[in-house]
Amino acid sequence: MKRLLRLDKSRIVITALLLGGFSVIGVGLVALTQEATRERIAQSALAVLLGQISAVLVPGSFDNNPADTAFLLPDPVSLNLPPLKPPIADPHQILNASTEAGIVGFRAMKAGEVAAVVLPVITHFGYSGDIKLIIGVDRSGKVTGVRVTRQNETPGLGDKIEPEKSPWIFGFNDKSLNNPTKQGWAVKKDGGVFDQFSGATITPRAVVGAIHQALIYVHAHHAQLFTAPSQPEQQTLMTPQTTRHNEVPHE
Amino acid sequence: MSDVSYRELTVQGLWKNNPGLVQILGMCPMMAISNTVVNAMGLALATMLTMVVSNGLASAIRHWVRPEVRLPVFVMVVASVVTIIELLMNAYLNTLYHVLGIFLPLIVTNCIVIARVEGFAARNRVLPSLYDGLMMGMGFGLVLVTLGVIREILGFGTLLANAQQLFGPMATNWTLHILPDQAHFLLAILPPGAFMALAVLIALKQGFEQRRAVRLTQKSNIKVAVVASPAQ
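Sequences listed follow chains F and Y, in order.
Each residue of the first sequence is one higher than the one before, starting from 19 at the first, in my numbering.
Each residue of the second sequence is one higher than the one before, starting from 3 at the first, in my numbering.
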């Protein structure tokens, strides 16, 4: 008992060094892997981003890489976009961080003119949590495409907003703020022109509302959104960082 | 424990001491990620790889690690291995990485990993430890994939949907449509369906074991009777 209780200093030191040594090795290996995969991860993040953006644009309607044109949206509250958490003071970092957070717009250029803008919009009226959409709108105010980028809706019912499950989301293509009219921007159950799904009205109602909201936003900020950026540094600002996505998926 | 039989390790990991059906460890990822076969395979492979590498490393350093710091060192080994696997998946299986989300880093906290590292690898040579990790991981993975098969067929009516996330572009057309659209049993892909499906699997295994036990006792009773009779 006495022997067990006796504090042997050298033993403690050796044990501590051992623990420290193994930590250094572990951290070193992780750091090496991170360094080795950094470029590849940044590339796949960019590819995912470009894939999402291209999906809501008419193919061939632009001649730039829209993923390089991230810009901070005016009045993000009108699109229900959350502020950066934590807030970032350095102005050079804001665009990067916002791009990672998915709260920036993109411009599709054709012959030096902005042909279409791509915007995120969030609705809080989903059946289970927020639904996040990405919308392309061309210069004339017509929708070029809509995709859901995040949703937790009930599988089999509300998830028909995904193009893999149902062509419903393509029904918004070529619609605009005045086509249909204000009353028409609703699901049929509410007197509008858009189909609801059998057994699920809340989800499509939320999506229709969000798209209408985005079109109102584009109308209100048309001049700003469709003016080509004068400062070329916006193009170089976006260097994708390694992102960690730790959102808990549904169920 | 010095001379372990690989046969015994196989039987233990895959059947007798199956992490999913007998030890019932790692339920959280098992329930959450078993809604489709491809998701289940992704997590199963990641878990299996983690277990093999962690077991191997833990066994390799077992003589240098003092008992006082054994657990912290082992947890660190597991955490490093999982982080490295996570980074690699982010780089090379990006879509699947996003589907698995938080459950990938959470492999660190899967009790089955540290249970095997602490319970087996800490006391055995490297090769048997690697094999134990493989078999235990495979036992866990098989249950996970079986659940995935059941739930995806019942809930989505498909099998191997989104296989390209795991196997690359060549797997785009691997999806099998098994049930017609109207016949989807929604409950199967919701959380309660996961518990029910696992309960059915556990019940099946128990039932099988009991029948075998009954058969074995019947056989041995006959033997006993034969041996006992001349003495009377």
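Mixed in with the good hints, there may be bad ones.
What the hints assert, rightly or not - Keeping only pairs whose Cα atoms sit at most 16 Å apart, straight-line, the calculated EDC-like set for lysine to aspartate or glutamate is:
hint, chain 1, residue 1, chain 2, residue 2
1, F, K150, F, D177
2, F, K27, Y, E70
3, F, K128, F, D177
4, F, K103, F, E118
5, F, K183, Y, E70
6, F, K160, F, D192
Stated by the list, open to error - Selected chain F positions facing chain Y (Cβ under 8 Å, derived; list incomplete):
hint, residue
7, S41
8, V48
9, I59
10, S62
11, S79
12, N83
13, S146
14, N197
15, P198
Said to hold, decoys possible - So the derived label-pair ranges between C-beta atoms look like this:
hint, chain 1, residue 1, chain 2, residue 2, range
16, F, G78, Y, T97, 20 to 28 Å
17, Y, P74, F, R56, 35 to 43 Å
18, F, G147, Y, C30, 18 to 26 Å
19, F, A34, Y, P107, 24 to 32 Å
20, Y, A205, F, V45, 52 to 60 Å
By construction, these hints were calculated from the structure, which means they are not laboratory data.
Even for Gly, the Cβ is constructed at its ideal location relative to N, Cα and C.
Within 20 to 28 Å or not, the Cβ separation of G78 of chain F and T97 of chain Y? holds, 26 Å
Does the structure keep K183 of chain F and E70 of chain Y at a Cα separation of 16 Å or less? violated, 55 Å
Between K103 of chain F and E118 of chain F, is the straight-line Cα distance small enough, at 16 Å or below? This hinted pair holds, its Cα atoms lying about 12 Å apart.
Using the C-beta atoms of G147 of chain F and C30 of chain Y, is the stated range 18 to 26 Å upheld? holds, 20 Å
Starting from K128 of chain F, check that the Cα of D177 of chain F is at most 16 Å away, please. violated, 34 Å
Next item in the hint list is P198 of chain F. Is there a CB on chain Y closer than 8 Å to its CB? At about 29 Å, which exceeds the 8 Å cut-off, the nearest Cβ of chain Y leaves the hint on P198 of chain F violated.
Pair hint K27 of chain F and E70 of chain Y, alpha-carbon separation not exceeding 16 Å: holds, 14 Å
Close enough to count: is the Cβ of N83 of chain F nearer than 8 Å to one in chain Y? Check failed: Cβ of N83 of chain F comes no nearer than 19 Å to chain Y, outside 8 Å.
Going by Cβ atoms only, is S41 of chain F closer than 8 Å to chain Y? holds, 6 Å
Should the interface hint for S62 of chain F be scored as holding, given a Cβ-Cβ cut-off of 8 Å against chain Y? holds, 4 Å
Look at the Cβ atoms of P74 of chain Y and R56 of chain F and judge whether their distance stays inside 35 to 43 Å. violated, 28 Å
Let me know if the C-beta of S146 of chain F comes in closer than 8 Å to any C-beta of chain Y, holds or violated. violated, 11 Å
In this structure, the hints that do not hold are numbers 3, 5, 11, 12, 13, 14, 15, 17 and 20, in rising order.
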